[in-house]
Amino acid sequence: MSIQQNILSGIQQAFRQIFQLEVELDKLNLAPTRKEFEGTYTFVVFTFLKQTKLSPEMTASKIGDFLKENCRDVSDYNVVKGFLNLVLNENSWIDIFTTLYRKETIGQLPSNGQKVMVEYSSPNTNKPLHLGHLRNNFLGYSVAEILKANGYEVIKSNLVNDRGIHICKSMVAYLHFGNGETPESAGLKGDHLAGKYYVLFDKTYKTQIKELQAKGQTEEEAKKNAPILIEAQDMLRKWEANDPQTVALWKQMNQWVYAGFEVTYQTMGVDFDQFYYESDTYLLGKDIVEEGLKKGVFFKKENGSVWVDLTEEGLDEKLVLRADGTSVYITQDMGTADLKYRDFQIDKSVYVVGNEQDYHFEVLFKIMRKLGRSYGPGLYHLSYGMVDLPTGKMKSREGTVVDADDLMQEMIDTAESHTKELGKIEGFNEKQAQELYRILGLGALKYFLLKVDPKKRMLFNPKESIEFQGNTGPFIQYSHARIASILRKADQLEVNYQNPDFSSMGQLAESETSLILILNDFEKKIAQAGTEYSPAIIAQYLFDLAKEYNRFYADVPIFSENDASILAFRVALSAQTAKTIKKGMRLLGIAVPDRM
RNA sequence: GGUCCUGUAGCUCAACUGGAUAGAGCAACUGCCUUCUAAGCAGUAGGUUUCAGGUUCGAGUCCUGACAGGAUCACCA
Numbered sequence: 001m002s003i004q005q006n007i008l009s010g011i012q013q014a015f016r017q018i019f020q021l022e023v024e025l026d027k028l029n030l031a032p033t034r035k036e037f038e039g040t041y042t043f044v045v046f047t048f049l050k051q052t053k054l055s056p057e058m059t060a061s062k063i064g065d066f067l068k069e070n071c072r073d074v075s076d077y078n079v080v081k082g083f084l085n086l087v088l089n090e091n092s093w094i095d096i097f098t099t100l101y102r103k104e105t106i107g108q109l110p111s112n113g114q115k116v117m118v119e120y121s122s123p124n125t126n127k128p129l130h131l132g133h134l135r136n137n138f139l140g141y142s143v144a145e146i147l148k149a150n151g152y153e154v155i156k157s158n159l160v161n162d163r164g165i166h167i168c169k170s171m172v173a174y175l176h177f178g179n180g181e182t183p184e185s186a187g188l189k190g191d192h193l194a195g196k197y198y199v200l201f202d203k204t205y206k207t208q209i210k211e212l213q214a215k216g217q218t219e220e221e222a223k224k225n226a227p228i229l230i231e232a233q234d235m236l237r238k239w240e241a242n243d244p245q246t247v248a249l250w251k252q253m254n255q256w257v258y259a260g261f262e263v264t265y266q267t268m269g270v271d272f273d274q275f276y277y278e279s280d281t282y283l284l285g286k287d288i289v290e291e292g293l294k295k296g297v298f299f300k301k302e303n304g305s306v307w308v309d310l311t312e313e314g315l316d317e318k319l320v321l322r323a324d325g326t327s328v329y330i331t332q333d334m335g336t337a338d339l340k341y342r343d344f345q346i347d348k349s350v351y352v353v354g355n356e357q358d359y360h361f362e363v364l365f366k367i368m369r370k371l372g373r374s375y376g377p378g379l380y381h382l383s384y385g386m387v388d389l390p391t392g393k394m395k396s397r398e399g400t401v402v403d404a405d406d407l408m409q410e411m412i413d414t415a416e417s418h419t420k421e422l423g424k425i426e427g428f429n430e431k432q433a434q435e436l437y438r439i440l441g442l443g444a445l446k447y448f449l450l451k452v453d454p455k456k457r458m459l460f461n462p463k464e465s466i467e468f469q470g471n472t473g474p475f476i477q478y479s480h481a482r483i484a485s486i487l488r489k490a491d492q493l494e495v496n497y498q499n500p501d502f503s504s505m506g507q508l509a510e511s512e513t514s515l516i517l518i519l520n521d522f523e524k525k526i527a528q529a530g531t532e533y534s535p536a537i538i539a540q541y542l543f544d545l546a547k548e549y550n551r552f553y554a555d556v557p558i559f560s561e562n563d564a565s566i567l568a569f570r571v572a573l574s575a576q577t578a579k580t581i582k583k584g585m586r587l588l589g590i591a592v593p594d595r596m
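Here the first sequence is numbered in this note's numbering, starting from 1 and rising by one per residue.
Hint data in this document are derived by calculation from the structure and do not stem from the laboratory.
Take the hints with a grain of salt, since some may be wrong.
[Unchecked claim] With a Cα cut of at most 27 Å, we get these calculated DSS-like pairs of lysine-lysine:
| no. | residue 1 | residue 2 |
| --- | --- | --- |
| 1 | Lys582 | Lys115 |
| 2 | Lys420 | Lys489 |
| 3 | Lys489 | Lys583 |
| 4 | Lys547 | Lys582 |
| 5 | Lys148 | Lys451 |
| 6 | Lys489 | Lys547 |
| 7 | Lys286 | Lys370 |
| 8 | Lys68 | Lys53 |
| 9 | Lys348 | Lys295 |
| 10 | Lys50 | Lys62 |
Using the sequences provided together with the hints, build the complete structure.
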């Protein structure tokens with residue numbers, strides 16, 4: 001970090017002294033030098049040619065000369081066209097590494113005094129979680145961790161969608177076909193039990209539609225008139241009227257579902273600081289409608305419905321309150337946004353929600369900004385693409401989903417058979433072995449879902465998607481286990497790598513300097529992942545790091561090295577890599593084993 | 001139809017925000033376990049970055065227009 005800054009300010013001085021030019025530091029940028037050229041950092045001079053009034057080569061050479069003379073970190077340079085390649089001083093490598101190595105905490109930027117809420121998961125309580133939810137939960141949890149590492153105080157929240165017509169559908173089907181079944185009697189997790197009745201509802205609904213059509217109704221009529229749907233609508237009205245029987249059933253079924261979710265969340269390794277329930281929030285927001293009318297942000301149509309005009313922002317008019325005075329979706333979302341602020345005085349608010357709601361959130365955020373909310377500028381929709389299957393889209397009510405519980409278990413089983421195949425379980429007792437399979441299976445799954453840019457839709461092929469080799473979670477976990485093994489041996493041999501003296505170190509191998517360079521990038525990547533809300537950046541970084549370490553591992557011997565200080569240095573380099581991998585993987589919500 | 005997102009090797013993804021000869025993994029092929037864990041390493045092969053224009057020293061990246069896939073445009077949630 002400081003070395004780059006040092007070089008940059010050297011370049012700034014070069015401009016001042018050679019060309020009498022004042023260039024701001026943030027206009028200057030160093031890029032890593034491409035492998036085929038000598039050097040570590042490259043400065044591109046093309047942008048400045050108009051002001052230097054010299055050829056690219058001349059400009060670069062002059063700056064290079066100046067740096068070689070005046071900057072202690074630069075020992076040499078070469079120029080290719082307008083590219084100034086800088087070679088770092090041997091001692092600088094050790095300096096960079098020592099600075100990193102001495103830091104107490106790794107991958108934690110100082111507090112910025114800001115509070116951010118990350119809302120994710122947001123399940124419906126009528127069915128179990130599926131593959132799409134896994135992407136949501138892993139993303140949300142990871143982004144929360146990344147924001148913590150960026151110095152935010154983070155509140156993880158979960159807005160549970162526990163009311164509405166879809167919940168009533170499961171309830172109606174249960175009344176019809178349940179016969180008093182419970183999770184215990186059915187041997188099913190509560191969420192799976194509710195999901196079973198949701199599918200049953202849909203089946204019955206479809207049959208009834210066909211029957212009505214056979215009696216001469218159009219498809220559209222039949223869809224409206226199917227008795228079971230009317231029942232569900234009735235039930236929603238009863239629920240809203242607080243009918244004791246309905247509420248009791250609703251509570252009962254929700255309780256089952258929450259117990260089921262709890263297990264799933266535990267396996268996923270995600271958690272929440274704050275739960276919100278739509279049954280509590282669905283009436284919120286009407287006061288904001290009043291406020292908006294007063295402020296002239298909203299307007300009323302003749303029939304009494306309330307609207308916001310966003311045509312100037314390139315959108316259209318959106319309804320915020322129905323003519324009969326009842327809420328729509330966005331009404332309660334406005335209310336919930338304020339509620340979150342009242343509860344926590346947040347500066348920023350991140351919503352992890354699928355990209356089918358892009359438009360909704362654009363509207364919501366524009367409204368809250370127009371209303372002048374202090375947290376308005378800090379609203380962010382972390383929009384992610386759907387997870388598709390080779391067979392097409394997943395649909396809960398048709399039962400064509402990859403269930404979250406099943407998938408995670410399958411991953412753990414695969415990890416187990418893989419590990420046994422490789423014969424790597426000696427020395428593990430049964431409990432340790434099970435823990436390892438869990439770490440590996442979930443690591444593979446989480447890494448797979450997080451390594452892709454969130455906004456891209458992705459294909460999940462159950463047969464092929466999850467690998468244990470190459471750019472995968474287990475590859476990175478394996479690299480960590482390798483290092484842990486080295487550290488065990490170093491401890492055994494009493495190598496002093498905790499407080500080593502590197503002052504007599506000579507020239508480093510190329511694989512060593514490359515590794516230092518990557519290790520040095522960690523905080524930069526954390527910052528980038530934070531501003532872009534993208535775990536994929538961390539995932540990519542960790543893969544590069546692990547790959548580089550494995551290259552070093554194959555390239556350079558450690559314990560057969562005679563020079564004690566070189567040996568200690570290589571162990572220290574390994575230790576630093578392990579720490580970085582562990583912290584980085586934690587940002588992804590992935591654990592790393594010490595042996596595998 | 002309007003708006004938004006996406007399009008890079010056979011497949012899954014990168015590309016430091018406009019920089020040099022576009023990089024990894026999987027799959028295929030060739031080597032490397034008597035040495036710190038081979039879930040690894042080294043190598044071969046694979047590309048008109050969907051297409052056509054434009055901007056400039058320089059474009060996968062920015063602009064315009066096509067084409068393809070997806071989402072969305074309810075007094076649904």
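Hint by hint, here is what the structure shows:
1. For the suggested pair Lys582 and Lys115, the alpha carbons sit about 25 Å apart, so the restraint of at most 27 Å is met.
2. Proposed proximity of Lys420 and Lys489 is supported: the alpha carbons are some 25 Å apart, at most 27 Å.
3. For the suggested pair Lys489 and Lys583, the alpha carbons sit about 22 Å apart, so the restraint of at most 27 Å is met.
4. Of the pairs offered as hints, the one joining Lys547 and Lys582 holds, with about 15 Å between alpha carbons and a cut-off of 27 Å not exceeded.
5. Note on Lys148 and Lys451: the hinted pairing holds, with a Cα-Cα distance of about 20 Å set against a maximum of 27 Å.
6. For the suggested pair Lys489 and Lys547, the alpha carbons sit about 22 Å apart, so the restraint of at most 27 Å is met.
7. Straight-line distance between C-alpha atoms of Lys286 and Lys370 comes to about 16 Å, which keeps the hinted pair within the 27 Å bound.
8. For a cut-off of 27 Å, the pair hint linking Lys68 to Lys53 stands: about 22 Å separates their Cα positions.
9. A threshold of 27 Å between alpha carbons decides the hint, and for Lys348 with Lys295 the separation of about 24 Å falls inside it, so the pair holds.
10. The hinted pair formed by Lys50 and Lys62 meets the criterion: a straight-line CA distance of about 15 Å does not exceed 27 Å.
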